[in-house]
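Undergrad: Sequence order for the protein chains is B and V.
Residue 55 in the numbering used here is what sits at position 55 of the first sequence, and the numbering runs on without skipping anything.
Counting the second sequence from 1 gives a position; the numbering used here is that position plus 89.
Hints listed in this document are in silico derivations from the structure and should not be mistaken for laboratory results.
Values in this document were obtained by computation on a predicted structure and should not be read as measured data.
Treat the hints with care, since some could be wrong.
To be verified - Chain B residues, not near chain V, derived (Cβ > 12 Å throughout):
{"no.": "1", "residue": "Asp9"}
{"no.": "2", "residue": "Arg12"}
{"no.": "3", "residue": "Ser18"}
{"no.": "4", "residue": "Leu20"}
{"no.": "5", "residue": "Pro26"}
{"no.": "6", "residue": "Arg33"}
{"no.": "7", "residue": "Val52"}
{"no.": "8", "residue": "Pro64"}
{"no.": "9", "residue": "Leu85"}
As the list claims (entries may be wrong) - Cβ pair distances, simulated, as ranges:
{"no.": "10", "chain 1": "B", "residue 1": "Gly75", "chain 2": "V", "residue 2": "Glu206", "range": "19 to 29 Å"}
{"no.": "11", "chain 1": "B", "residue 1": "Asp57", "chain 2": "V", "residue 2": "Leu573", "range": "26 to 36 Å"}
{"no.": "12", "chain 1": "V", "residue 1": "Gly575", "chain 2": "B", "residue 2": "Ala15", "range": "24 to 34 Å"}
Heads up, the beta-carbon is just placed ideally off N, CA and C, and yes, glycines get one too.
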Amino acid sequence: MPAAMTTPDPDRLLAEVSELVARFAPPGAKLERTTELTSDLSIDSVAAMDLVMEIEDRYGIDVPVNEIADLVTLGDLVDLVARQLGARG
Amino acid sequence: MVLATPTVNRGLPFRTGGFRSLLEGLDYAAGGETGVNFYNGRGELEQVLSYRELRDRAAALAPRLAGLGLARLERVAILAETSPEFLVAFMACQFAGLVPVPLPLALSLGTHRTHVERLRGMLESSRAKVAIASEAYRGQLAEAAVGTLVTWIGTHAELAALPPSDRPVLPLGPDDPCYVQYSSGSTSFPRGVLVTQQAITANARAIAEHGLALRPGDRCTSWLPLYHDMGLVGCCLTPVLTQISVDYLATASFATRPLVWLKLLSATGGTISFAPTFGYELCARRVAANGLVGLDLSRWRVAGIGGEMIRPKALAEFARAFAAAGFDERAFVPSYGLAEATLAVTFAPLGRGVRADTVELGEAFERRRIAAPAGPRAQRTRAFAICGRPMPGYTIEIRDEHGRALPERRVGRVCIKGPSLMTGYDHNPEATRQVLLEDGWLDTGDMGYLVDGELVVTGRSKDLIIVNGRNIWPQDLEWAVERLPGVRPGDVAAFAVTGEDERERIVVIVQCRTGDPRQQAEFRRTVQAVINRQAGTECELVLAPPRSLTYTTSGKLSRAAARAGYLEGTIRDLGGIVPVEPGTPANSPRGPLAEVG
Chain B
1 MPAAMTTPDP DRLLAEVSEL VARFAPPGAK LERTTELTSD LSIDSVAAMD LVMEIEDRYG
61 IDVPVNEIAD LVTLGDLVDL VARQLGARG
Chain V
90 MVLATPTVNR GLPFRTGGFR SLLEGLDYAA GGETGVNFYN GRGELEQVLS YRELRDRAAA
150 LAPRLAGLGL ARLERVAILA ETSPEFLVAF MACQFAGLVP VPLPLALSLG THRTHVERLR
210 GMLESSRAKV AIASEAYRGQ LAEAAVGTLV TWIGTHAELA ALPPSDRPVL PLGPDDPCYV
270 QYSSGSTSFP RGVLVTQQAI TANARAIAEH GLALRPGDRC TSWLPLYHDM GLVGCCLTPV
330 LTQISVDYLA TASFATRPLV WLKLLSATGG TISFAPTFGY ELCARRVAAN GLVGLDLSRW
390 RVAGIGGEMI RPKALAEFAR AFAAAGFDER AFVPSYGLAE ATLAVTFAPL GRGVRADTVE
450 LGEAFERRRI AAPAGPRAQR TRAFAICGRP MPGYTIEIRD EHGRALPERR VGRVCIKGPS
510 LMTGYDHNPE ATRQVLLEDG WLDTGDMGYL VDGELVVTGR SKDLIIVNGR NIWPQDLEWA
570 VERLPGVRPG DVAAFAVTGE DERERIVVIV QCRTGDPRQQ AEFRRTVQAV INRQAGTECE
630 LVLAPPRSLT YTTSGKLSRA AARAGYLEGT IRDLGGIVPV EPGTPANSPR GPLAEVG
């Protein structure tokens, strides 16, 4: 299990999550908080679940299933990771 | 530490039939030690619910439900999470004389809004008065319930904390309905199948005794959603009615890590598990990267396939990939079923594996609808999976457009008769009249033919494309494109539009993942060549952005929605002239994940 970040720095977290998301996005795509995961980056449902797995493994968190449908932008994803890290303490 | 329920009951004799209601079956199973087990995404056991606990908890919850003051047989919507609480609430309805309506979960990114609309459609059409979900989904359900007849929304815990009714409640009996199943129909016109106690007990018995030949020692593993007929009937209610233990994985856990399914099956000694073709496909794709790591699939005797058109090639790839783990390709059992028949109608013989019928796709098949076996010199062929004979008590007839029965190897509408057909769509006599025919026959809407009494399904009749009097099956065009590199299952929709000259023209929409103009142009040339060749005529090709296509809750590609999107201009070609607009309104759950639901 990767080392946990207990107090994630927001900018660093955005950079890290962007790096993970970039692997599923078209080359050279612009990644900002407002970038939409599906319509801007064309991340489809199979890729989305791969991404969820990467995020879970990288941070040692569980991504709640009921929140997947609420993830529209990269910012939403970063916030979710921050929340889960915070909740875990 | 929790221990999973045992596979075999110590003292209780194994019994597959003679139950007149679901509760009679549950009550019998409660006399033993078997039950259901819930595992997390890493395959670790988290919760255990023996059938005895399920009965007792449901019986205790029923007076609380009754205290809400609903009339007998009123509908109770329950979000169908793979959890003990869902099963308890479902069974509590049975005890309280109420009819449960399992509702689907959203599993795709950014689909919150469309999913809420879908839920609202179901709440409206079922006329549910009560809606139940876990804390996690309570808000979503409340949002969906705005403007519906729902008067009480709450969590399982809130329901359990209500004061019980002091009046005695009459449980659902042999002549009552059992539940409402939403699995066909679009978002705007959902159709709920009303499944009776007689239908569920009859279908479960036929599945157990004939289809699967269940015996003591069998154990079921399932990641299928409990709001879908294959998950609910095949992997939940049939096990209850046969005292079989089940190991559950949430659908999202499977979608994130498909191989957890096989690890769980291997670890628990599962003998029975079902999936649509793409479930097997996802595993075969992942195993290359992950290796077989100590999997033992040698005890898996029924690897059932259903829920979508069966693709023999993808299954053969699975069998090859997992042969070293002891998977026997003869364990594959193709089947045919639909919610309107509760679940199952045919099963291929056990131990035979996937047998395909390869037919020639020329003039005879397309115009005269004759499915002739392909000879060695056949130009265009197609291999269809043979789905077996109808179970005892069920009859299949292939009919032409005038309702006349057709002989073997003639393609027509698949009509069925049997002891588990629905009495109708819930609160929808008009939709019911369209499918329930005279003398107890049901028109399934599917096209197929018979070979030695076994059913071969070729597609959905309403999607059939007729160009210049020739019948062309859209699946053929779609699958031809899906075989190309860079294209995934579910990326293609083919349909016909009628032009001003009143002639039909074929349109093929393909979701394109590359934004690079040069790659796009090359992709376009390749696809165009393939579809023209497959259709034998010029087709219009539309390269659309991903997520342009939509799916029904049962995972069937909605060609009608694709066609409507094309005609209305919401699905447009990416190429040069028209810019891609982010967030075009055609977004909806798509792809293999949506197919699960």
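Undergrad: The structure should be examined with respect to each hint, and the outcome stated for every one.
TA: For each hint, the structure was consulted:
1. Asp9: Fine: 25 Å to the nearest Cβ keeps Asp9(B) off the interface.
2. Arg12: holds (24 Å)
3. Ser18: holds (16 Å)
4. Leu20: holds (14 Å)
5. Pro26: violated (5 Å)
6. Arg33: holds (15 Å)
7. Val52: violated (5 Å)
8. Pro64: violated (6 Å)
9. Leu85: holds (18 Å)
10. Gly75(B) - Glu206(V): 19 to 29 Å: holds (24 Å)
11. Asp57(B) - Leu573(V): 26 to 36 Å: Check passed, 32 Å falls within 26 to 36 Å.
12. Gly575(V) - Ala15(B): 24 to 34 Å: holds (30 Å)
Checked against the numbered hints above, the structure breaks hints 5, 7 and 8 and satisfies the rest.
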